[in-house]
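Chain by chain, the residues run as shown.
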Amino acid sequence: MAGILVVAENSGGNFRRVSLETLSKARELKDSLGGPLTALVAGSGISGNAGDLGAYGAEKVFVADNEALGTGLAAPHVDVIAKLQGENDFSAILVGGTALGRDIAAALAARLGAGLNSDSIDLSANGSALRARRPAFGGQNLVDAEWNGGPQIALVRPNSFAASESGGSAEVVTVTPEISDAALAAKVTARKPAEAGKIGLEEASIIVSGGRGLGAPENFATVEALASALGAAVGASRAAVDAGWYPHPNQVGQTGKTVSPNLYIACGISGAVQHKVGMQTSDVIIAINKDEDAPIFQFADLGVVGDLFDIVPKLTDLVKSRQG
Amino acid sequence: MKIAVCVKEVPDTTAEKRIDPSTFRLVRDEGDRMLNEFDKYAVEEAVRLKEAGTADEVILVSLGPEKAVESLRQGLAMGADRLVLVSDAAAAGSDYLGTARALAKAIEETGAELVLLGSESTDARSGVLAATLGEVSGRTWVTSANSLAVNGGSITVERQSDDGIDTVEAPLPAVVSVTKAINEPRYPSLKGIMGAKKKPQDVKSLGDIGLGAGDVGEAGAKTKVVGIETPPARTAGQVVKDEGNGAQVIFDYLVEKKLI
Ligand SMILES: Cc1cc2nc3c(=O)[nH]c(=O)nc-3n(C[C@H](O)[C@H](O)[C@H](O)COP(=O)(O)OP(=O)(O)OC[C@H]3O[C@@H](n4cnc5c(N)ncnc54)[C@H](O)[C@@H]3O)c2cc1C
Ligand SMILES: Nc1ncnc2c1ncn2[C@@H]1O[C@H](COP(=O)(O)O)[C@@H](O)[C@H]1O
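From first to last, the protein sequence lines are chains R and X.
When the letters of the first sequence are read in order and numbered with the numbering used here, they come out as residues 1 to 324.
When the letters of the second sequence are read in order and numbered with the numbering used here, they come out as residues 1001 to 1260.
Source of the hints: derived by calculation from the structure; they are not laboratory data.
Hints are supplied without guarantee of correctness; some may be wrong.
As the list claims (entries may be wrong) - In silico BS3-like cross-links for lysine-lysine, where the CA-CA straight-line distance does not exceed 25 Å: (1) X:Lys1257 to R:Lys314; (2) X:Lys1191 to X:Lys1050; (3) R:Lys290 to R:Lys314; (4) X:Lys1241 to X:Lys1257; (5) X:Lys1067 to X:Lys1199; (6) X:Lys1067 to X:Lys1198; (7) X:Lys1241 to X:Lys1258; (8) R:Lys198 to X:Lys1258; (9) X:Lys1224 to R:Lys30; (10) X:Lys1050 to X:Lys1002; (11) X:Lys1258 to R:Lys314; (12) R:Lys198 to R:Lys257; (13) X:Lys1258 to R:Lys320; (14) X:Lys1067 to X:Lys1191; (15) X:Lys1002 to R:Lys187; (16) R:Lys320 to X:Lys1257; (17) X:Lys1002 to X:Lys1197; (18) X:Lys1241 to R:Lys290; (19) X:Lys1241 to R:Lys314; (20) R:Lys290 to R:Lys198; (21) R:Lys60 to R:Lys83; (22) X:Lys1198 to X:Lys1002; (23) R:Lys314 to R:Lys198; (24) X:Lys1050 to X:Lys1198; (25) X:Lys1067 to X:Lys1204; (26) X:Lys1199 to X:Lys1050; (27) R:Lys320 to X:Lys1241; (28) X:Lys1191 to X:Lys1002; (29) R:Lys192 to R:Lys257; (30) X:Lys1197 to X:Lys1067.
What the hints assert, rightly or not - Across the chosen pairs, the derived CB separations fall in these ranges: (31) R:Val175 to X:Pro1171: 20 to 30 Å; (32) X:Ala1219 to R:Ala243: 47 to 57 Å; (33) R:Gly127 to X:Arg1025: 17 to 27 Å; (34) R:Ser32 to X:Arg1082: 49 to 59 Å; (35) X:Lys1257 to R:Gly45: 39 to 49 Å; (36) R:Gly127 to X:Gly1111: 23 to 33 Å.
Using N, Cα and C, we set each Cβ at its ideal position, and we do this for glycine too.
Build out the structure end to end from the sequences listed, making use of the hints.
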């Protein structure tokens, strides 16, 4: 067993923050788990920023460049990582919990016959073994898990660790991807990028969410304005999504996404238990609701009883004036 | 063409959960259990493909306790033709890989060319089974389908990726997980509910599908739970009434907590 591999995901020439968060955490674990700390950057036409990962603790960075590694489909990545695993025998493989990362980790674990602990919000060392902590049942319980044998594959929930630089440098090694026909069987024939500037819910460190209290679809603009001032993503309750006011991928809750941002601002959301289980692991929850008996006030860190149409635009102006 | 749909019985995640402190497993005989909400979208999509004449049989496939039949019957009431439930004491404590191995074997026996799954289960919330199953069964797999079309020997999927929506073409046989955007699941009709009881519901042991302990269950699991903690529930913080200063109160709080 030799060291830790962190799969560093690239999007539009930048590393995803969760990859840098994961790498920073791996740097702490290296002494117990054993080094070296290696990163993999796999993509298509990826620019020469692989060496930047040295600043986050990577001692060695493998770079794999191939068209098939830039489609958002995971199977070609699995071929590349499985081969590296054969050559390097990593004891742990850590992957950021994006949509692509989830697919990579799942298929890789199956390919290698290895264990996968998903949705880790903390990683620690138990002697030289990795230990992962994840919330279960909507955050009601925290489960600690380990592995029987290796490699120990973990998916890391975004916003679980701080991305911090240590000022090191890395040796960059180019690898030639060997991608099987099976991994090329599914083909992307068209791509429709999401609106530029829109931040994905799961990775966002701040989320501003709107519910039925917004009253009408056009009123989501109020929430979007605050979100844009804060650099936040926009979430929605199921009531707002079911009414057709906001798209499905933005729904937070039991049947939507589970999020753990540093800050969650709920506007016109009652705080039903099905909503709560999707956001109660947020660090700080702020609620704006005109009903003082709304359940959300029972678990918000700060609650303001009032009309969101008064409060949210004023708050947006205050945030903007601080920045500008 | 036959379609297999992987369905799972889940506990009501909004109810208090109890975990057996000695086995670290969920106590499954308590409280409400239901068909995983996300799986209804997969069942609906399969039933629509049957109604459109693209598929001729829809088979629900599951791994879980025998009692799960009651929850899973809802899929039959929605229009699926039959249920195959793998249930075995030795399958308890399966990890993703074990679950996928058991489902793959059961699916193989059905002869299904297309396998549909929900995007996540509301208890595990991992969303990893489609990829695991695809890899284990050697089928092409595509996750997070917002739409699905079958054209002869291949499928076209619009999939939700991290960066947008991509159109993906893949050959059959295939494994596809679907998102909530794909359709609006129907409520079973009274006739559907009555008819569901009479549809075939086969419970199979691991031996029946040719698997032994070591492939699945706790014995075969590559991950192990070593501890469980129940963190204190969130409590109410400060609640203030807006008297024209509500925005300022929030702003000051954000500054104080260094959130902006
Ligand atoms: C199986 C199942 C799964 C579910 N999954 C989810 C899920 O994933 N996510 C989810 O969110 N829900 C989910 N729900 C639904 C959930 O039970 C609630 O119905 C839903 O969360 C309510 O949404 P809401 O808070 O926006 O609406 P409401 O409960 O109607 O609350 C609106 C709130 O806005 C306030 N308000 C109105 N006007 C204003 C104003 N001008 N200013 C300030 N406040 C105002 C009101 O006081 C009220 O509290 C699920 C339900 C079931 C049964
Ligand atoms: N035990 C099981 N039996 C049948 N299908 C399952 C089982 N566990 C998970 N699935 C399927 O896999 C999907 C994703 O589940 P998960 O990866 O556990 O979040 C679910 O929506 C189901 O379609």
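**Message:** Tell me the hint numbers this structure goes against, listed in increasing order.
**Reply:** Result: hints 20 and 36 break, sorted rising.
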